[in-house]
Every structure is written in C-alpha cells, then in structure tokens.
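A.B. asks: Residue strings, one per chain:
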Amino acid sequence: MSETIIILIKVVCALVWFLLITLYLTWVERKESAVIQDRIGANRASILGIRIIGLFQPFADAIKMIFKEDFTPRFSRRFLHNLAPFISFFFVAITISAIPFGDVLRIGGQEIKLQVMDINVGLLFVLAMLSLGIYGIILSGWSSNNRYALIGGMRGAAQLISYEVALGLSLIGLIMVYPSLNLSTIVHYQGELLFGWLPKWGVFLQPLGLLIFFFAALAETKRIPFDLPEGENEIVGFFTEYSGLKWGLFMMTDFMEVLIVSTLLTTLFFGGWQVPWLAADGFHFPWGSEWLLPHGIVVIFQVAAFNIKVFFFCWLQILIRWTYPRFRYDQVMDLGWKLLIPLSLANIVATAILLSI
Amino acid sequence: MAHFLFFLLAIVCIASVLGMIISKNQAYNALFLVLAFACMGGFFALLDAPFIAVVQIIIYAGAIMILFIFVIMMINLREGLPPERKKWTLYFALGIAVVLFVELILTMKSAFSSLKSGGIEKIGSPTDIGRLLFTEYLYPFEITSILIIAALVGAIVLVKKRDKE
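Sequence order for the protein chains is A and Z. Counting in the numbering used here, the final residue of the first sequence is number 357, and the numbers go up one at a time with none missing. Counting in the numbering used here, the final residue of the second sequence is number 165, and the numbers go up one at a time with none missing.
Check before you lean on any hint, since a few could be wrong.
Below are the DSS-like pairs computed for lysine-lysine, each with C-alpha atoms no more than 30 Å apart in a straight line [unchecked claim]:
id: 1; chain 1: A; residue 1: 68; chain 2: A; residue 2: 113
id: 2; chain 1: A; residue 1: 64; chain 2: A; residue 2: 31
id: 3; chain 1: Z; residue 1: 161; chain 2: A; residue 2: 338
id: 4; chain 1: Z; residue 1: 24; chain 2: Z; residue 2: 86
id: 5; chain 1: A; residue 1: 10; chain 2: A; residue 2: 113
id: 6; chain 1: A; residue 1: 338; chain 2: Z; residue 2: 86
Just so you have them, the derived chain Z footprint on chain A, three or more residues with Cβ under 8 Å [stated by the list, open to error]:
id: 7; stretch: 9-18
id: 8; stretch: 104-118
Worth flagging that the hints you see were computed from the coordinates, not collected in a lab. Since the structure is predicted, the reported quantities are computational estimates derived from the model, not experimental observations. Even for Gly, the Cβ is constructed at its ideal location relative to N, Cα and C.
Excised from the complex, chain Z in its bound form:
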C-alpha cells in the first residue's frame, strides 16, 4: 500500500512539475505547482512525519500559492518574453540547470549515505521541532523572522502611495 501510494504520488508530482514548466498560461503554472506541493505533503505523510506534511500543505499549498494565484488572476500578464530576449535566457537557464543538477546529485549522495547509517525514527513531531527551534537554532530562527518582517515592511512601503501635497 505504501509503495503504491509512493509511486502514485511520485508520478503525479513529476507530471505536475513538468506541466508547470510546459504550460504557457501563468495561472495554470501556479495551479500545477500547488499540485506538486500537495504531493510533497503526501510524501512527508508517508514518511511518518504528519506535522511536516500538514505544515507543508498549510504554508506552501495553502497560504503562499493562494496569494500567488490571487495576483496572477487579478492582473493579466503578457505571454512570455519577446523573441529577441529569449535567446540569452535559454543559455542562461541551461547553465543554471546544469549547476543545479550537479548539486542535486551531490546532495543525494550524501543523503543516501546518512540514511544507511541511522534508522528512521518518527521524525518531526511538533514538540521536537519547537524545542530545536528555540534552543539550538534560536539565532537562525530569530534572524529569519527579522528578515520576514523586513520584507513585509518593504512591501508596505513600496505599495503605499505617497501623499500628494
């Protein structure tokens, strides 16, 4: 059952990511991405980490993507770049893709070797994550929150119209 679910989720996930890249319509792109995020949540649930699974769905598939889709559907974006600018973006994207691919293989190698050494326990219970966040990773946690607040304030400053005198 678990294997069946894994492969089902994997197929849907990869297909939706491909759909996201191929589709020309921005709204459909965003919707495919939502499907991919939901599948990621399913993977975490299969890995016995229900908290991470649910948080993945609430934050990525829920909050963030809804805002994205909201904006995309409100403003009609034009379809893609003009052809004269397409050429160098292709080479640029190819270069980045190669770098990312190498990086992915390297991380997979290290991840698999660490998997062999220790068995998988139940991971990511809310208590564990909370304790880690507020003890060991306190500074990164606080710095991240400051970053988010800075982004929020920045967004408000950019959006707010200046008073005309």
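Here chain A stands alone, though its shape is the one from the complex:
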C-alpha cells in the first residue's frame, strides 16, 4: 500500500515541478527578451496590490487562456483536430517520468528513488516518446484542412525526422562510454573521477557528442533559429487554426520541450544530480580534505544541483532564441544531414577507437 502512495506522490511531484517550471519559463522568456531589447517586460500582474516583479504573470496568462473562446473551424477534421494538441502535450509530459531528480532518499528505513520510473532503457524511452510527439504536429497540420497549417505541419515533420537521426546517433558515443541505457546508471557513472580530480561528466568525455546533441535538440524544440514549422511572424504554422486552450497546449508543449531538453542535457552530459566530489556521506575533495554531511543535506544538495543545471540550460536556450535569426529551410536540412549526421558518425568511430586503445 505504501508503495502505491509513494509512487503517487512521486508522479504528482514530478508533474507539478514540470508544469510549474514550464509556466514560469513563459515569464522568464518575456523578461529575458525584454532585457535583451532594453524594455521592462511583464511586471504588472498583481494579487491584492502585491506585485513581485510580475511573478504572478504566468497565472494571469493561464486564466486568460482558459476563458478564451475555443474555436474549431467548420472545415476541419474535427476529431483529429481536437486530439492533436493533447497528443503533443502528453508525449512530452510523460518523458519527465524517466528523469532522475536525485539519488535515493532514506526516510524511516525506506529507500525512495527520486525518479518516477526507473526503466532499464530509459534513454530510448525518452527518444521514443519524443518521436511520437511528431504525430501531434502532423495531425494538427493535416486535420486543420488549411494549406498554411499543412505546410507548417509538413515542415515540422520533415525537420523533426531529420534531426531525430542526428539526436539518436550523437548519443551512441555516450552509451559506449557509460555502458548503459538506464538514465540513473548513466548518472551514477558520472560520479566517478577522471585523473583523480575531474568528474567523469559527459561534457568532458563526449564534447563533440554534446555539441551535436545540443544542436539537434534545439531543432527538436522548433524554436528560433529552427522555427520553420511555426513561423511566428508570418503565421505559417501547424497551429494556425487553433485558439484558446488548445493553442495554449501547443505553446506549453514548446516550453516543456525546452525544459525536457535541459533536463536531458543535464542528465546525460552534466552529471545529472551529481555535485563534483560529493559522495553519499559528504564531500571528498581531491586535495585530501573532507566535509562530512548528514544524509538529508546531501539529498538537498543533489536536487538543488540538478535544478540549477536545468535552469542554466533553460536560460541558455532562451538566450539563443532571442539572439539568432532564423535559418532558411535548405540551411536547416543541410545542417542536419550534411554536417550533424556525418559528425556524429565520426564521433562514434573516434569514441570506439579511443575506447579500444
């Protein structure tokens, strides 16, 4: 019985964390773009006159979106049109269940893994769910029965399929270095030390893999500079015909993808919840000194480290989105097929040679 309750609590906590951060990413995006463009940005939302630099803004946005008219065009294929945003949303939201937030937490003689689902093919599970998310885009484009939406959907599908190849291939080198597909095992391997002082993070062992993964993942989020499927400024996007909450789901999916890409980058290449030199009983510094800590503090350190790394990558992605112009369609395809895929293949070969020496 207690097992079921623990699983329920974990599911609720992970989802709440995921959705809350996603909501606040919309605010961070508005603020960060405002700072970049020398504006003030969203700061007006207040509750009873209290406005903490506009921190209530996401909730105001959400309430506005819920009460907007939800208009379905008469010429659309109604069932699929309604289904598509939920497909997009679901398959991104479910990936959070495979991400480890921290190591085990021991309360009252019970060991709780800070991870909703510890599947032994967690990495592939995440990739599979992200690839199923493409259906949301294709279906929304096609079922809208609108040429612009169809063009957006087709561009989106073509782009995502192309970059999925590079995304998958860039991770093979990583799997060779940490011989596992289990995300928590991969994080555990990253706790070891190289030369006695450097943490064995993916960024030090697979620098090229990190770059390829980052570019491919940026393309998967469908934001500037890879925003051909959406085309915010000329409205040739797969969600042209959506309004109200369903459009909101697509927008949320975008930010959730940013968050998922950040968690994946953290988990795979930046040691997940690992803090350098922090073992289960405290810090063991390479210069010999030690700083022993109780179990609870160590867990807090780990979860905080995970969160800080994730926030950093969210910030970085938003910075990139507001800094670069958009690629042309042929440039996107060239980058994917002619640069990233050959580079990732070279990365696999180089990793294999280095490992066999």
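Since chain A is already given, all that's left is putting chain Z on it; use the hints.
C.D. replies: Just chain Z now, with coordinates in the frame of chain A:
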C-alpha cells in the same frame, strides 16, 4: 493489473486493426496502424522486454509510419480501385487470407508447445540482442543491412531527375 492491461491493449489493438481494414480514407488507415503498433509495444512491455517494446515504438510507430503518413497526407490518393478491377482482387485476397490463416494456426501451435517446455526469463535485453546479432546472426545481420542500403540507393536513383542536356 497485468491481465487488465493485456485485455485493454488487446481490445484496442484488434479494434484498430479492424478500423484500418474498414476505413476508406488512407490517412486514417495509417493512423489506425500506428495505434496497433503502439499496442504491440505495450504487449512487449507487459512481457518484461522493455528494450523490444521501446524499439517497436521508435521504429514502427515512430519512424516508419511517420514517413508513410507524411507521403499520404502530401499526395491525395484516389479512393480505392475502380469496380471492374475489384472482383478478381476479392478472390485473390480471399485466397491469401486462407493461406495466412492456416500459417498462423500452425505457428501458434508450435509457439505454444515451446512455451510449455521452458519458463519465460527476462528476454531481449540490449546486451543479449547485441551479442547475438554480432556473433551468431552476423551474416543475416550484414546481409540485411546491405539490402537496406540497396533499397536506399535505389530510391535515390529513382527519385533523382536526369539532367537535361
């Protein structure tokens, strides 16, 4: 719980396959097929073979069917065959269906008898499959990969327009 999930998946799977056969619209056919493939992935997950389950979803429900749907939605196919060609296809399909049905029963028989003899362990871990592919089944594996490359090259040759001189 496992029984409940099995029957739920089975009902959805069979219903979606039926929907695929009955539906006249090609895009809906392909979507029903995707649902059936996803259910197959669920069956593998229930059988304690998570690797095969995930690969089933990535390759069939993900990569292949997305390309299919991509093509179907881009080009508007006409609806079905003209009536004068329908007659012989019906008999042809009936013949093939009977052959396939007999084959299915025969394989089921042998599969069930082998199930009784050995208990089910955890099957299909990535390590096991990789080891088998690169030792025992090396030649079939390599020949399959050559076949796939040949198909790829063939597709490019067919699609590429000849230069006009």
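A.B. asks: Hint by hint, note whether the structure agrees.
C.D. replies: Here is what the structure says about each hint:
1. Taken as a hint, the residue 68 of chain A and residue 113 of chain A pair is broken in the structure, with Cα atoms around 41 Å apart against an allowance of 30 Å.
2. For the given pair, residue 64 of chain A sits about 19 Å from residue 31 of chain A by alpha-carbon distance, which is consistent with the 30 Å threshold.
3. Using a Cα cut-off of 30 Å, the hinted pair residue 161 of chain Z and residue 338 of chain A holds, with the two alpha carbons roughly 21 Å apart.
4. As the CA atoms of residue 24 of chain Z and residue 86 of chain Z are separated by approximately 14 Å, the hinted pair is consistent with the 30 Å bound.
5. As the CA atoms of residue 10 of chain A and residue 113 of chain A are separated by approximately 9 Å, the hinted pair is consistent with the 30 Å bound.
6. Note on residue 338 of chain A and residue 86 of chain Z: the hinted pairing is violated, with a Cα-Cα distance of about 46 Å set against a maximum of 30 Å.
7. Counting residues of the stretch 9-18 of chain A whose C-beta lies closer than 8 Å to any C-beta of chain Z gives 0; at least three are required, and the coverage claim is violated.
8. Look at the stretch 104-118 of chain A against chain Z: 0 of its residues bring a Cβ nearer than 8 Å to a Cβ of that chain, fewer than three, so the hint is violated.
Going through the hint list in order, the structure does not satisfy hints 1, 6, 7, 8.
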